[in-house]
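Protein chains in written order, with the numbering used here: chain E, 1 to 336; chain Z, 1 to 336.
The hints are simulated quantities; they were obtained by calculation from the structure and are not laboratory data. As the structure is a prediction and not an experimental result, all values here were calculated from the model. The C-beta atom is built at its ideal place from N, Cα and C for all residues, glycine as well. Incorrect hints may appear among the rest.
What the hints assert, rightly or not - Partial list, derived from the structure: chain E residues whose beta carbon lies under 10 angstroms from chain Z:
| no. | residue |
| --- | --- |
| 1 | P133 |
| 2 | T220 |
| 3 | H283 |
| 4 | T285 |
To be verified - Partial pick of chain E residues on the chain Z-facing surface, computed with a CB cut under 7 angstroms:
| no. | residue |
| --- | --- |
| 5 | A61 |
| 6 | P128 |
| 7 | V296 |
Now for the letters of each chain:
Protein chains: 2
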Amino acid sequence: MKIHDLQTPALIADADVLEHNLSTMTDALPGPRLRPHVKAHKTTALARLQREKGHTNFTCATIREVEGMAAVGLGDDLLLANEVLDCTRLGAIPNARVTVAVDSEVTVDAAHAGGIREVLIDVNVGMPRCGCPPEQAGHIADYARAKGLDVRGVMGYEGHVVGVEALDARVTMTEDCMKRLLEAHADVGGDIVSGGGTGTYAVNRWVNEIQAGSYVLLDTAYGALDNLPFHEGLRVLASVIHVNDDWAVADAGLKALAMDHGNPPIANGEGCDGEVWFFSDEHVTFGFPAASRPQVGDRVRLRPSHIDPTIAKHAQMHVVRGEEVLDTWEVDLRGW
Amino acid sequence: MKIHDLQTPALIADADVLEHNLSTMTDALPGPRLRPHVKAHKTTALARLQREKGHTNFTCATIREVEGMAAVGLGDDLLLANEVLDCTRLGAIPNARVTVAVDSEVTVDAAHAGGIREVLIDVNVGMPRCGCPPEQAGHIADYARAKGLDVRGVMGYEGHVVGVEALDARVTMTEDCMKRLLEAHADVGGDIVSGGGTGTYAVNRWVNEIQAGSYVLLDTAYGALDNLPFHEGLRVLASVIHVNDDWAVADAGLKALAMDHGNPPIANGEGCDGEVWFFSDEHVTFGFPAASRPQVGDRVRLRPSHIDPTIAKHAQMHVVRGEEVLDTWEVDLRGW
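Okay, chain E solo, but in the shape it has when bound (with noise of 0.2 angstroms):
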């Protein structure tokens, strides 16, 4: 199948450029050292790549993205990064190893009502959310354990860090993170300090493990970050359906794009070049050169800003190189 084969709106994953994606964070951060977070993708085939590579170790953010790793076969060690309140689900997950982040004594009891064995310590770094303060850590440990369950270590996003541009600045940033961290970890022990993200995966020596994820296809929003060494793979690809003089519109809207982090750019020199004006439900009007007008039929590329709710937008993910549809993956983590 060609990509010219495609329905519009189509997300499509540029397969050497996933290799290279993963292969630099593989190389830097081998097995255990990453703790891959498959929000970013929600499909389990890309995080069979993953597995490939030697990451065991999977981060999830919700119990479906937990169910749906599991049913694969890449429960080894799934740990749910988030605050749960009824864990009944996740406790009846068969075959699979799941931890769950807990941050009070009511996310405790919830792990443990609902048959959770294995919890980490969600500790604060910094960004207003969840997490307890360091200074809480030890007596939330000791909650846990008193009931029962194995506290395998701590957990602290520094989600504040890792979107700065300037490098020097998430140096310091993490440094001071992480600080916190392990202040709590002295308190808490366990095998596991977890956190980082594709923006401090190379900066933060604090933590044992990463739990990044958008660097397996980028966007946007991290391309503008210093010294990442990983390149934007991901376009949603849209037909030209209306040229005037003045403007043209291409098929993907605000419906196959996330908006959170603005205006997705169209990929100038891959298709159409052009300039987003706006983007409606199913549209995107854009201006053009006046030297390289488009004509109705031809494709336009867009550059997601922020891929994790972009891929939540879609059902379904083309693995291309060149001209070529190499497979088409399910993006079958989505939902909650």
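Let chain E serve as the given structure and place chain Z on it in line with the hints.
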């Protein structure tokens, strides 16, 4: 089943608000005066309610929406109000009347090649998107008829007007747009003059059918308009999973809520009160009034700022009254 039993995040629709909105619109635009747009809800169960109100003709935005509506017996008169370059799937749909928008010779050729028999000439009435200039509409209609296609009339969407908050501006802008559409209709002929949306359904007196969709459950963007008699009926239900002295976190993020019309606010007075700080993939971080600190396990309801892409993120919509879940609908028209 009670709302309390729903796993979060969950999409919930208020049955009474839905009934109010459906009835109010049907009273204003009975039978074929309304051609409900299913892109807003992507749910055939909801389309059936619109059918029961007497609306037999529907508007769709994607091939998948047309196929899905036909498959459940709602194919009396389906308009695909977008340009399509490969009409093969549309032409193969059994037991449905399918009309496609065209705005160029290429899109007429595509309709003809795909086995489509009826088209509407899509006219640009002021928004920079699809639609031919009014002065070309007659030519395109002639071209389509020469191919053997039935030209049923014209459509023109004043999409840049439907969201204008001030009523008087909406009225004068709509009139300007519709002069262009009627100019085109004079050249094209046919029974149908189609246009409009939720924001202009009451002021657009020039078309003979209105393509409104969002009125069914509204959103904060449409809720800001003067003089709309519809109410917000959609919420995304979330559970509070973390609370500290300064902020709280609930488990609905930007994978459960569209962000293109801005951050969805918390529905104060319908559970926890608060003010949204920011959204992550699976979280919302929010501040709360000192007097009403939430507890872990409390529920928060979020008000979608744009219902169309919000609903498209969910596989199911729960219909509720008070604390009861009356029904669970499949959002069965997702994808393309």
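Of the numbered hints stated previously, which ones are contradicted by the structure, given in increasing order?
Violated: hint 2 alone.
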